[in-house]
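J.: Sequence:
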Amino acid sequence: MVGCGAPPQCAPDDFSRKARDDDETIEDSVAEHDNPQHDSGRAPDAEAWDFAAIQEKWTPVWEELDPFAAGRPGDTRPRKYVLDMFPYPSGDLHMGHAEAFGFGDIVARYWRQQGFDVLHPIGWDSFGLPAENAAIKRGVDPREWTYANIAQQKASFKTYAPSFDWSRELHTSDPEYYKWNQWLFLELFKRGIAYRKEGLVNWCPNDQTVLANEQVVDGHCERCGFVVEKKSLTQWYFRVTDYADRLLDDLNQLEGNWPSKVVAMQRNWIGRSAGADVEFEIEGRDARVSVFTTRPDTLYGATFMVVAPDSDLAAELVSGASAEVRMRFQDYLEKTQAETEIDRLNSERPKTGVFLERYAVNPVNGERLPIWAADYVLADYGHGAIMAVPAHDQRDLDFARAFDLPVRVVVDTNAPVTGVIPVIHFDEDGEPILPEDAGLTNPKETGVALTGVGRVINSGPLDGLSKPNAIRRAVEHLEARGLGRAAKNYRLRDWLISRQRYWGTPIPIVHCPDCGEVAVPSEQLPVRLPDAAGLDLKPKGTSPLGAAEDWINVACPQCGGPAKRDSDTMDTFVDSSWYYLRFLNANDDDRAFDPAAAEKWAPVDQYVGGVEHAILHLLYSRFITKVLFDAGYLGFTEPFTSLLNQGMVLMDGSKMSKSKGNLVEFASELSAHGTDALRVTLAFAGPPEDDIDWADVSPTGSAKFLARAWRISGEVTSSPDVEWKGGDAALRRATHRLLADAPGLLEQFKFNVVVARLMELVNLTRKTIDSGPGAGDPAVREASEVTAMILNLFAPYTAEDMWSRLGYEPTVALVQWRKADPALLVEEQVTAIVQVNGKVRDRLEVSPKVSADELERLARGSEAALRSVGDGEIIKVVVRAPKLVNLIVR
1 MVGCGAPPQC
11 APDDFSRKAR
21 DDDETIEDSV
31 AEHDNPQHDS
41 GRAPDAEAWD
51 FAAIQEKWTP
61 VWEELDPFAA
71 GRPGDTRPRK
81 YVLDMFPYPS
91 GDLHMGHAEA
101 FGFGDIVARY
111 WRQQGFDVLH
121 PIGWDSFGLP
131 AENAAIKRGV
141 DPREWTYANI
151 AQQKASFKTY
161 APSFDWSREL
171 HTSDPEYYKW
181 NQWLFLELFK
191 RGIAYRKEGL
201 VNWCPNDQTV
211 LANEQVVDGH
221 CERCGFVVEK
231 KSLTQWYFRV
241 TDYADRLLDD
251 LNQLEGNWPS
261 KVVAMQRNWI
271 GRSAGADVEF
281 EIEGRDARVS
291 VFTTRPDTLY
301 GATFMVVAPD
311 SDLAAELVSG
321 ASAEVRMRFQ
331 DYLEKTQAET
341 EIDRLNSERP
351 KTGVFLERYA
361 VNPVNGERLP
371 IWAADYVLAD
381 YGHGAIMAVP
391 AHDQRDLDFA
401 RAFDLPVRVV
411 VDTNAPVTGV
421 IPVIHFDEDG
431 EPILPEDAGL
441 TNPKETGVAL
451 TGVGRVINSG
461 PLDGLSKPNA
471 IRRAVEHLEA
481 RGLGRAAKNY
491 RLRDWLISRQ
501 RYWGTPIPIV
511 HCPDCGEVAV
521 PSEQLPVRLP
531 DAAGLDLKPK
541 GTSPLGAAED
551 WINVACPQCG
561 GPAKRDSDTM
571 DTFVDSSWYY
581 LRFLNANDDD
591 RAFDPAAAEK
601 WAPVDQYVGG
611 VEHAILHLLY
621 SRFITKVLFD
631 AGYLGFTEPF
641 TSLLNQGMVL
651 MDGSKMSKSK
661 GNLVEFASEL
671 SAHGTDALRV
681 TLAFAGPPED
691 DIDWADVSPT
701 GSAKFLARAW
711 RISGEVTSSP
721 DVEWKGGDAA
731 LRRATHRLLA
741 DAPGLLEQFK
751 FNVVVARLME
761 LVNLTRKTID
771 SGPGAGDPAV
781 REASEVTAMI
791 LNLFAPYTAE
801 DMWSRLGYEP
811 TVALVQWRKA
821 DPALLVEEQV
831 TAIVQVNGKV
841 RDRLEVSPKV
851 SADELERLAR
861 GSEAALRSVG
871 DGEIIKVVVR
881 APKLVNLIVR
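Per full-length UniProt numbering, numbering through the sequence shown is continuous, rising by one, with the last residue being 890.
Honestly, the hints are just simulated from the structure, not real lab data. Yeah, the Cβ is synthetic: ideal placement off N, Cα and C, and Gly gets one too. One should not assume that every hint holds.
[Stated by the list, open to error] Simulated pairs of lysine to aspartate or glutamate, EDC-like, Cα-Cα distance not exceeding 16 Å:
| id | residue 1 | residue 2 |
| --- | --- | --- |
| 1 | Lys-158 | Glu-229 |
| 2 | Lys-230 | Glu-339 |
| 3 | Lys-351 | Glu-339 |
| 4 | Lys-767 | Glu-715 |
| 5 | Lys-190 | Glu-517 |
| 6 | Lys-655 | Glu-665 |
| 7 | Lys-351 | Asp-404 |
| 8 | Lys-261 | Glu-689 |
| 9 | Lys-137 | Asp-536 |
[Stated by the list, open to error] With beta-carbon atoms standing in for the labels, derived distance ranges:
| id | residue 1 | residue 2 | range |
| --- | --- | --- | --- |
| 10 | Val-140 | Arg-285 | 51 to 59 Å |
| 11 | Ser-347 | Pro-78 | 36 to 44 Å |
| 12 | Glu-612 | Pro-78 | 28 to 36 Å |
| 13 | Asp-92 | Trp-183 | 14 to 22 Å |
| 14 | Glu-599 | Val-140 | 40 to 48 Å |
| 15 | Gln-253 | Cys-224 | 34 to 42 Å |
| 16 | Trp-183 | Glu-612 | 25 to 33 Å |
| 17 | Gly-776 | Gly-74 | 37 to 45 Å |
| 18 | Ala-264 | Ser-654 | 21 to 29 Å |
| 19 | Glu-827 | Ala-48 | 35 to 43 Å |
Please construct the entire structure, taking both the sequences and the accompanying hints into account.
T.: Here's what the structure looks like:
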């Protein structure tokens, strides 16, 4: 599958914390009245809250009414698009699904009650390796396994009752969907954004397929955990790097609406660095080598060059070396190729390398720089080569000390911003001659690089300049001499989309010996997957589709000669990169989506899903959206306006798994406690982004709370058309305070606080019935109706049944949010404490708007306070209107 209106005594954050962390829990909040027979001696209800019966009662009613279909003809309400990251059908729904889809549904239901036409669709991310591997293990067609799981998940969803528009249901493994994957590929192909090249790729030896950089986690395949290897293959890519600056700069649009850590993760992954491309001559080579550096101001400190062992440049340079060096290099290359990228970049590893018996020429001073191959440089960073400045880079220093290479200081990190800049001289071996009072250490002796900022020294025309000015001057000198230019470098790499597996979207390209790569004509889309029967789907390093002779051999669409289809399938992140648009026209056979519908509904107003997709899915969706914007299909450049990441559901502090024996099954919890109790428990457990430990929550307590709210709805005796005015004042104020406060809390994703406030309202309603005017009080009806309306967000079955018991037709989910009466939000009086030397001496009932001067006057006139002052002198008065006055007396 692919965040207050607290009671007066609590600040919003305090109350949120109290609702989650204090000794008070859901169970505590209802324990006093958890048995209907114990409510003030009342006789028990003739019927009790029965979640199974209530679910069975309302499910068919909602099926018939279809209340959540969006975009009905003639609907002029403003629109909201709420989307959950769609699930992968790998068995039944689990507790993580319960949490994520529960939160998304709260948002969707809330915006409907605020008067919006809400699009809240559902689909399945149904292509991919897990389905194929499961099918291979079971000896079945991936389709059979996939669609059986979809049916199971759909049935569970129907019980869990998210407010989906089921008419837009989609599965990415349907030809009706992946036809448009292929259309999208061809749009990128004709624009030069989809291209094919040979290069080193990440290869999973277990799944026998390539992986994008983002699918390698700590050197391992994110799906199966095997150590990833490097392999040279010809593959399809999308030019994500062409959009690197826009992907980075447009994150500014998302600040404050996306979690800050997700924005930071995206920025770090794109990894833009500003610097210069510097041209180095190589002795005996006609073409120069371009080296990217973020510190052109340190060029005079370069003492050697390092190239990646697995780069084309290293292979070329070593070809002219001695036989002994070539042999040592080949051994070193094989060891490097067996290492993970994480291992190679580990700063704690000893530095290793091979001297290639070749020299580069420093363009600023003409010095000969020995060229080494070393694994701490990556082939796909910059141009696969670096200039090494060991005095000011720790990795270069470690390498220089390991092989006794020169270290030259060119930045005085102790130099002040202004003042005399010391000049450091060097001996004939290039070692710095440092005066005792210079304050600089020798990095070669200390082993610590001078990485701080300062003034440039011993660098000719750059001497005395600060870092920014020296960088600017160095670039100007390089450009004037044709030896370099300002440049940017990115951590981001182009998106590798080829997969050597069966269960995915076929790439719509035909390879012709005469015409080359030819796009499949649009009228021939979709290129359907052949039947899996008769194909060996076991991973073998090449796509199983290559063995489907009748499928792969075709006539070239361009010349008519014999040709072959591309046998690879697309990365499934292509499927999910644009699915939010397909939901707009899920049943349209003529186009992927309607741009006019996109203008009405998109971008997505609220996206909900796990933080594990903070880089992969979100980055690719942002990229595809920008491509479609450039192509004129969309009028916006960011797909998801607001993002909510939910935490994980744990058990006893650990991630749930069968092997650990701590698995809590969604289906069993649903059967034991019911949908509503499960949803309320997850909403109340804490802020959505926090992890939930199932051992610390109480579905039983949730069920008791729901039963209590439901019983009250059945006790109300006033009619639906009763006048509210004149009811119990305290209950009415509490009801309207919740109406006023809940929207702000919900829009801040403080669902747990709203649930806690609902509990308070139910408790106060119960108290009013038992100890106050009774069940006939209009305020009791009003409170119960508001409870049902807000409870719809968390417990739709119970809320619907309460609404019916209160005398209304379904469905409460479409009832508009009631407006709070401003007159009931005004506190008539507050209690001001009067202290003398910090001790309470009196209490005054005052207006909440009382001024500090007026409150001090009242305190000075208090008889109780004056008695305490006695013959003393009031030397100071501390006033905190409207709550406190402290008279300081001596």
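J.: Enumerate the violated hints, using their earlier numbering and listing them in ascending order.
T.: 1, 11 and 13
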